[in-house]
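Number of protein chains: 2
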Amino acid sequence: MNYVEVCVSPALLDSYHANDKLVVVIDVFRASTAICTAIGYGIQSIIPVATVDEALTWQDKGYITAAERNGEVVAGFEFGNSPFAFQKPELIGKKIVLTTSNCTKAINKAEKAGVNNIIISSFVNLSATVDRIIELNTNVLLLCAGWKNHVSLEDTLCAGAIVNRLLDRGLKTRCDAAIMASRNYLQAESDIAGYLVGSSHQLRLGHLGLDEDLEYCLQIDQWTKVPQMVGNELVAGSVHSLIASA
Amino acid sequence: MNYVEVCVSPALLDSYHANDKLVVVIDVFRASTAICTAIGYGIQSIIPVATVDEALTWQDKGYITAAERNGEVVAGFEFGNSPFAFQKPELIGKKIVLTTSNCTKAINKAEKAGVNNIIISSFVNLSATVDRIIELNTNVLLLCAGWKNHVSLEDTLCAGAIVNRLLDRGLKTRCDAAIMASRNYLQAESDIAGYLVGSSHQLRLGHLGLDEDLEYCLQIDQWTKVPQMVGNELVAGSVHSLIASA
Chain A
26 MNYVEVCVSP
36 ALLDSYHAND
46 KLVVVIDVFR
56 ASTAICTAIG
66 YGIQSIIPVA
76 TVDEALTWQD
86 KGYITAAERN
96 GEVVAGFEFG
106 NSPFAFQKPE
116 LIGKKIVLTT
126 SNCTKAINKA
136 EKAGVNNIII
146 SSFVNLSATV
156 DRIIELNTNV
166 LLLCAGWKNH
176 VSLEDTLCAG
186 AIVNRLLDRG
196 LKTRCDAAIM
206 ASRNYLQAES
216 DIAGYLVGSS
226 HQLRLGHLGL
236 DEDLEYCLQI
246 DQWTKVPQMV
256 GNELVAGSVH
266 SLIASA
Chain B
26 MNYVEVCVSP
36 ALLDSYHAND
46 KLVVVIDVFR
56 ASTAICTAIG
66 YGIQSIIPVA
76 TVDEALTWQD
86 KGYITAAERN
96 GEVVAGFEFG
106 NSPFAFQKPE
116 LIGKKIVLTT
126 SNCTKAINKA
136 EKAGVNNIII
146 SSFVNLSATV
156 DRIIELNTNV
166 LLLCAGWKNH
176 VSLEDTLCAG
186 AIVNRLLDRG
196 LKTRCDAAIM
206 ASRNYLQAES
216 DIAGYLVGSS
226 HQLRLGHLGL
236 DEDLEYCLQI
246 DQWTKVPQMV
256 GNELVAGSVH
266 SLIASA
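For the record, the sequence lines run as chains A and B.
Reading the first sequence from the start, the letters are residues 26 to 271 in the numbering used here.
Reading the second sequence from the start, the letters are residues 26 to 271 in the numbering used here.
Hints were generated in silico from the structure; no laboratory data involved.
Check the hints yourself; a few may be wrong.
Chain copies aren't distinguished; within one or between two, either way the pair holds.
Each computed BS3-like pair below joins lysine-lysine, with the alpha-carbon atoms no more than 25 Å apart [claimed, not checked]:
no.	residue 1	residue 2
1	Lys120	Lys137
2	Lys113	Lys86
3	Lys173	Lys197
4	Lys173	Lys134
Please work from the sequences and hints to get the whole structure.
Structure representation (structure tokens):
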């Protein structure tokens, strides 16, 4: 019997004994959506780093670098975490170094917790994520990146969507956060954008003219690849490489 | 304009700038229910302490002491956190020292964060809690005690019930956890016990024969007093004493 849990903030990760589980990092607005888009589109890999300074070090070595803080592109970087920025033909086959406010920090936190199997999910690769979890046949922890350790409704909803599908496919849960997320998603699924009206992303991102980005981020199943950490890179995943890296 | 926020785990408290807010500690199963019951019933005060060792120190001084860990009374203590244990005529007017798995630790954490105004809530004093918050006319953070830093569905539901009533009475929220809790409560309110079927409290407490306790803990508005911290004691609150302690 495999179980699914939801961790609603990276600040709670230490309570979850995550190191022997598959960890699925979710940051719907916008980093995990951008990563799933990039890998789906054909970018060779995303190298997630926790700090702007680390990204600058890679930039000095000649890497393409992307950095976002507080929803905006950091000065001196080619782009931030808009999923549209990663869909450019000249980027196909390239490696991109990325640092973001929350998602890359969540990935970094999971690595430091000793997690060997990390994959990236968002609404845009929802079905592929669920299929991958089922293939891997393991206990899974859905890690919501949130916003500066606060709960983000959109990340929790995406986790809830995954929970519901996993429960339908035979996993169990004993996790109250998973139950909450699952039931919130049942309320939201017919109109996710409507359900998010009034939530904190509007305060954070509403003034940045990102409506097109946000609409894109809620589109289910745009991509069929599931990015996974192999070494220090997120690459198009396969079941074989995930098990091998464990 | 006053705002309401929900912190779903004490481990997230540091992210909330709680020190200038009214903090409402919620631990439905069973400590905050027991404290609200005790103060409602006429016990003079509850002295919450974080550790069993601290409680033993008070015991040595002759105080009545209660201690719960993992749902059970700690050996050597008169009682734990069953709300029925606090409804005995011989306890009226007395002070009781209490340590519990989560609630007293959450109180302690709020104190260490510099919070001056702490009150205790549960379903059993729901309306009184809401009235008190409105009287105090301040920003409020609902702090769910959870279980060992994990989210607890029953605490989040109680927070959601308070959020809904506060929104009806003019407060606003910009907190996604408050939105989630509020909407979960809307799903749950017609059958709270039914909504909790399958949640983690059954795993933790189901084998301890606490059905009567748990049923009691979900009864709305059994008591009209709101315990508040004054010095190191939880006493029957008044608006005057709360403002004075700020």
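Evaluation of the provided hints:
no.	hint	verdict
1	Lys120 <-> Lys137	within (23 Å within a copy, 46 Å between copies)
2	Lys113 <-> Lys86	within (22 Å within a copy, 73 Å between copies)
3	Lys173 <-> Lys197	between (29 Å within a copy, 21 Å between copies)
4	Lys173 <-> Lys134	both (13 Å within a copy, 20 Å between copies)
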